[in-house]
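Given next are the chains, with one letter for each unit.
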Amino acid sequence: EAQVTQNPRYLITVTGKKLTVTCSQNMNHEYMSWYRQDPGLGLRQIYYSMNVEVTDKGDVPEGYKVSRKEKRNFPLILESPSPNQTSLYFCASSLFPPQGNQPQHFGDGTRLSIL
Amino acid sequence: QQPVQSPQAVILREGEDAVINCSSSKALYSVHWYRQKHGEAPVFLMILLKGGEQKGHDKISASFNEKKQQSSLYLTASQLSYSGTYFCGTDGGAQKLVFGQGTRLTINP
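Line by line, the protein sequences are chains U and A.
Position in the first sequence counted from 1, then plus 1202, gives you the numbering used here.
Position in the second sequence counted from 1, then plus 75, gives you the numbering used here.
Be aware that one or more of the hints could be misleading.
[Said to hold, decoys possible] Incomplete in silico selection of chain U near chain A, CB under 10 Å:
| no. | residue |
| --- | --- |
| 1 | Ser1235 |
| 2 | Gln1239 |
| 3 | Gly1244 |
| 4 | Met1252 |
| 5 | Pro1285 |
| 6 | Thr1288 |
| 7 | Ser1296 |
| 8 | Gly1309 |
[Claimed, not checked] Pairs of lysine-lysine residues, derived as DSSO-like cross-links and limited to a Cα-Cα distance of at most 27 Å, are as follows:
| no. | chain 1 | residue 1 | chain 2 | residue 2 |
| --- | --- | --- | --- | --- |
| 9 | U | Lys1271 | U | Lys1220 |
| 10 | U | Lys1220 | U | Lys1273 |
| 11 | U | Lys1271 | U | Lys1219 |
| 12 | A | Lys171 | A | Lys101 |
| 13 | A | Lys143 | U | Lys1267 |
| 14 | A | Lys171 | A | Lys112 |
| 15 | U | Lys1259 | U | Lys1220 |
| 16 | U | Lys1220 | U | Lys1267 |
| 17 | A | Lys171 | U | Lys1259 |
| 18 | U | Lys1271 | U | Lys1259 |
| 19 | A | Lys125 | A | Lys171 |
| 20 | A | Lys142 | A | Lys125 |
| 21 | U | Lys1273 | A | Lys171 |
| 22 | U | Lys1259 | A | Lys101 |
| 23 | A | Lys171 | U | Lys1271 |
[Stated by the list, open to error] Here are a few chain U residues that sit away from chain A, every Cβ distance over 10 Å (derived from the structure):
| no. | residue |
| --- | --- |
| 24 | Leu1245 |
| 25 | Arg1246 |
| 26 | Phe1292 |
| 27 | Gln1301 |
Read the hints as simulated data drawn from the structure, not as lab findings.
We treat Cβ as the ideally placed atom computed from N, Cα and C, and that holds for glycine.
Using the sequences provided together with the hints, build the complete structure.
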């Protein structure tokens, strides 16, 4: 089954404790992206990746890191999490960049609470 | 720059029609529409490319007016299953998709 898989689905942690949210897709997609969703603000892009070893900042990259060492994986790293990073996070992928006719396929989301 | 959606929320009875608008301050090449049920991932509905086209499937359709830099999503004879939050996404340059703040649609029996 074609899917984007995120882990963990839920995480409660404390300020400053490094964490990684994994994202994996099995559709051989070139483009992958991370979004955070906060009430009233919609989906805001954190980082995106055009291909292996090619990543770039989205609209809200502060406090986050990403890597794309393999085509299928795009982990989101919070080196020193803070309470303002408490949010619902989505990973998404598409065959090519979203301009044009390429729909985004979203993972089920990771609800992150930082105390 | 984030597109602006209107209305922010709408409540309908089953069978009524709804229109959700998405406006951008910049020229657009494409507009994406997604629906998100509470606690679930956004699900792709349709993409419209510049050219003023209109697309649709079932009783959900959309139009794209590139001169006005806006798109509208039309839900006809709404069903309970249409409830959710609808997002438009517009090309933000540099290979990015920028989403609006969402429109919450509630369909009551």
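Tested hints:
no. : hint                  : verdict
1   : Ser1235               : holds (8 Å)
2   : Gln1239               : holds (9 Å)
3   : Gly1244               : holds (4 Å)
4   : Met1252               : holds (6 Å)
5   : Pro1285               : violated (22 Å)
6   : Thr1288               : violated (17 Å)
7   : Ser1296               : holds (9 Å)
8   : Gly1309               : holds (6 Å)
9   : U/Lys1271 x U/Lys1220 : holds (20 Å)
10  : U/Lys1220 x U/Lys1273 : holds (24 Å)
11  : U/Lys1271 x U/Lys1219 : holds (23 Å)
12  : A/Lys171 x A/Lys101   : holds (14 Å)
13  : A/Lys143 x U/Lys1267  : violated (37 Å)
14  : A/Lys171 x A/Lys112   : holds (23 Å)
15  : U/Lys1259 x U/Lys1220 : holds (20 Å)
16  : U/Lys1220 x U/Lys1267 : holds (11 Å)
17  : A/Lys171 x U/Lys1259  : holds (10 Å)
18  : U/Lys1271 x U/Lys1259 : holds (17 Å)
19  : A/Lys125 x A/Lys171   : holds (17 Å)
20  : A/Lys142 x A/Lys125   : holds (9 Å)
21  : U/Lys1273 x A/Lys171  : holds (18 Å)
22  : U/Lys1259 x A/Lys101  : holds (20 Å)
23  : A/Lys171 x U/Lys1271  : holds (20 Å)
24  : Leu1245               : violated (4 Å)
25  : Arg1246               : violated (7 Å)
26  : Phe1292               : violated (6 Å)
27  : Gln1301               : violated (5 Å)
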